[in-house]
Amino acid sequence: MNSSLSHSSEEPVLKKDHFVLTNDRYKTAKTSMLAFHFEPQFFKMTEQRLKNSSIEHYSVNGKDIYTVDKFFSSQEDEEMFDYSKNAKFSRTSYASHESREEGEEPALSMNNQEKWEFFARPPQAIKEIYKLLQLLAHQMHADISTLPWDLCDASICASAVATNRIEKVSHATMELGKHEDFSTEKGIPFAIPIHYSKEPASFPEKFINGDMGKPLLVSFMLYAADRSFLPEYGMGTVYYKTKEEKALRTDCRHMRFVFFEGDIVHSIEESKLPPEIKTWRISYVFKLLFNPRRENVSLRTVFYDIMHPNK
Amino acid sequence: MKKKAENQIEKKEVMLQWKKAYLEAVIDELKPFGDVLEVGYGSGFAASRIQHYKVKSHTIIVQDPQYIKESQEWAKGYPHVTIIEGSWEKILPSLGKFDTVFINNYPMDSEMAMLNRMDPEEIARSSSQAKEMLGQLENRLTQLNQHYSDQEIDDFYHQIGRFNPKELAHFFQKLKDYGYITLKQFNNVMEKYSIHKESTAAKSSNPSLKDVDGTFAFLYECLKNHTRQGSRLSCFSNEITSKFEDAQFFENIITDPFLDYHEKMVPIKVPKFSDYFKFDEGLILMIEKFS
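Protein chains in written order, with this note's numbering: chain R, 1 to 311; chain Z, 1 to 291.
Treat the hints as calculated values from the structure; they're not laboratory data.
Heads up, a few of these hints could be off.
Selected chain Z positions facing chain R (in silico; Cβ < 8 angstroms) [claimed, not checked]:
id: 1; residue: D28
id: 2; residue: G179
id: 3; residue: N238
id: 4; residue: E239
id: 5; residue: I240
id: 6; residue: S242
id: 7; residue: F244
id: 8; residue: A247
id: 9; residue: F250
id: 10; residue: I253
id: 11; residue: T255
With the Cβ distance kept under 10 angstroms, some of the chain Z side facing chain R (calculated, not the full set) [as the list claims (entries may be wrong)]:
id: 12; residue: V55
id: 13; residue: S57
id: 14; residue: H147
id: 15; residue: K184
id: 16; residue: K243
id: 17; residue: D256
Now the in silico label distances, taken between C-beta atoms and shown as ranges [what the hints assert, rightly or not]:
id: 18; chain 1: Z; residue 1: T241; chain 2: R; residue 2: G187; range: 55 to 61 angstroms
id: 19; chain 1: R; residue 1: S170; chain 2: Z; residue 2: S48; range: 55 to 61 angstroms
id: 20; chain 1: Z; residue 1: G214; chain 2: R; residue 2: R25; range: 47 to 53 angstroms
Fair warning: this is a prediction, and the values are worked out from it, not measured in the lab.
Ideal Cβ positions, reconstructed from N, Cα and C, are used throughout, including at glycine.
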């Protein structure tokens with residue numbers, strides 16, 4: 001566990017906002033363009049936590065993945081376990097339109113009320129993540145926010161905050177569940193303001209994620225797992241070079257979190273459970289937008305420098 | 001004829017009883033205090049219950065002409081009650097701030113009119129199964145875990161769904177959202193039976209009064225301009241879907257850091273012949289303003 005961590009009494013600060021929808025496909029009664037910004041702030045203890053964590057970096061098609069372990073205190077670990085064990089997951093969720101149509105076994109997820117209560121009144125570990133995002137916003141000279149709360153079309157809803165509780169995953173579900181969280185190259189359906197522009201302006205709908213002066217869309221994922229869960233049971237995350245070719249997998253470990261560029265194709269790994277074992281694991285996901293305040297900066301490079309594992 | 005008339009009166013009384021129970025539960029949760037604003041009078045159940053709480057003043061906006069006289073007669077028995085005739089949209093801007101706000105917008109006429117037109121046996125035959133299936137199923141959709149075939153969908157429509165066309169689009173939408181039917185099945189059934197699809201128009205994040213649901217518009221306007229720190233607001237709800245699933249309510253009220261929102265379900269006994277409210281639970285919602 002991280003030793004820097006009598007946690008500070010400072011509370012995270014988030015600010016409510018709205019994005020403007022630019023694609024009629026998502027113009028439904030269920031779409032919510034609400035978003036939350038993590039106010040840039042330097043937290044010394046959070047910086048210390050990050051320095052003392054165990055960080056690994058991977059690259060898939062030139063896009064970055066970071067796994068972070070030992071960020072949390074034992075108290076936060078315990079609280080998150082208790083929270084996860086008792087949390088309600090009243091809804092089913094699918095990875096994508098296609099996987100649902102083709103018969104994917106859904107995961108259990110939180111409904112909107114459960115999700116809001118998790119986000120607005122979270123366990124301490126999640127508050128520490130909010131502070132980490134505020135620290136990153138400060139250090140990266142970027143505006144960090146969630147994506148729009150719910151982008152829903154006729155068939156499916158892509159949420160900024162997602163939770164998946166699973167007990168087993170078949171090979172078929174792993175295959176069917178391959179997806180990108182979003183693709184900036186295929187197009188973003190909402191207007192992202194250019195902060196360094198003198199006049200009000202937005203980025204084009206399509207851009208290279210994390211390119212010079214461009215936003216970086218990143219997914220954050222925290223794992224929580226039953227005490228009986230072992231990494232060899234699978235149910236981690238598989239990342240793909242192409243839809244057919246695996247690039248790497250990351251273990252599911254309780255209190256590990258991962259930052260990865262959200263346009264990397266990924267899937268929940270199939271389970272390898274001995275027949276007598278009954279266990280669970282949960283992923284808590286935030287889909288994030290890192291929006292640069294300076295023009296001649298690549299946020300991917302800046303983020304790499306901050307997260308660089310060779311300390 | 002006489003028997004039919006007596007039957008109708010009895011049914012009206014039964015129907016009023018469930019509304020009384022629900023409205024009293026809402027008002028008891030609201031715990032009115034100080035200056036109270038109520039919109040709609042209906043049968044007076046909410047107004048009478050508010051008076052149990054010894055409020056400082058009680059202003060009731062009544063739009064429907066058939067209830068003006070009734071509400072004025074009722075008000076004579078209570079001090080500090082003011083009845084104002086007209087729509088809330090026109091009257092509210094001229095009013096001050098209130099500690100308690102309640103909007104009672106149950107459409108009294110629609111259910112009564114239907115009741116008067118239909119033969120009792122016809123009501124029972126067409127509505128009871130539909131009410132049971134649509135209402136209870138919709139309420140328990142998250143607990144189901146199966147996929148319905150095309151044949152099952154057709155059978156459902158013919159046996160139950162066609163008697164409640166108003167509710168059907170919403171019900172099939174829910175089935176699709178929960179994954180019990182596919183998008184293809186949803187589109188097919190809507191087209192096959194000419195079921196009017198629910199509007200998919202987006203609701204503005206910053207609503208104007210013209211664009212939005214009337215109850216929401218009223219609550220929003222009150223929150224902005226006609227309430228104080230500590231004010232409490234509630235409303236009659238003819239739906240049991242959580243407001244957390246209503247994007248507009250969620251964005252503008254639930255996630256407002258200066259408001260506290262909570263909701264709960266209460267059991268209510270609704271008569272079988274009610275064509276308006278089909279559930280065995282009612283939603284009570286409560287908004288409190290911090291600042």
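These are the hints, each one checked on the structure:
Because the smallest distance between the Cβ of D28/Z and any Cβ of chain R comes to about 23 angstroms, over 8 angstroms, the interface hint for this residue is violated. Among the interface hints, the one on G179/Z holds; its C-beta lies about 6 angstroms from the nearest C-beta in chain R, closer than the 8 angstroms criterion. Given hint, N238/Z at the interface with chain R, is violated; its Cβ is 17 angstroms from that chain's nearest Cβ, farther than 8 angstroms. The beta carbon of E239/Z comes no nearer than 13 angstroms to any beta carbon in chain R, farther than 8 angstroms, and the hint placing it at the interface is violated.
Because the closest C-beta pair between I240/Z and chain R is about 13 angstroms apart, greater than 8 angstroms, the hint is violated. A hinted interface residue such as S242/Z counts as satisfied when its beta carbon comes closer than 8 angstroms to some beta carbon of chain R; here the least separation is about 6 angstroms, so the hint holds. Contact between F244/Z and chain R, as hinted, is supported at the beta carbon level, the nearest pair being about 4 angstroms apart and thus within 8 angstroms. The criterion of a C-beta within 8 angstroms of any C-beta in chain R is met by A247/Z, whose closest approach is roughly 4 angstroms, and the hint holds.
Hint on F250/Z holds. Least Cβ distance to chain R is approximately 6 angstroms, under the 8 angstroms limit. With its C-beta approaching chain R no nearer than about 12 angstroms, I253/Z sits outside the 8 angstroms limit, and its interface hint is violated. Hint status for T255/Z: holds, given a least beta-carbon distance of 6 angstroms to chain R, under 8 angstroms. This hint is violated: V55/Z has a C-beta 31 angstroms from the nearest C-beta of chain R, more than the 10 angstroms allowed.
Because the smallest distance between the Cβ of S57/Z and any Cβ of chain R comes to about 34 angstroms, over 10 angstroms, the interface hint for this residue is violated. A least Cβ separation of about 9 angstroms between H147/Z and chain R falls short of the 10 angstroms threshold, and the interface hint therefore holds. Hint status for K184/Z relative to chain R: holds, with the closest Cβ pair at about 8 angstroms, below 10 angstroms. Hint status for K243/Z: holds, given a least beta-carbon distance of 9 angstroms to chain R, under 10 angstroms.
The interface hint given for D256/Z is met, as the beta carbon of that residue sits about 8 angstroms from the closest beta carbon of chain R, less than 10 angstroms. In this structure the supplied range 55 to 61 angstroms is violated for T241/Z paired with G187/R, their Cβ-Cβ distance being about 32 angstroms. Between S170/R and S48/Z the CB atoms are about 59 angstroms apart, so this pair conforms to the stated range of 55 to 61 angstroms. Range check, G214/Z to R25/R: Cβ separation about 29 angstroms, and the 47 to 53 angstroms hint is violated.
Hint check: violations occur at hints 1, 3, 4, 5, 10, 12, 13, 18 and 20; the rest are consistent with the structure.
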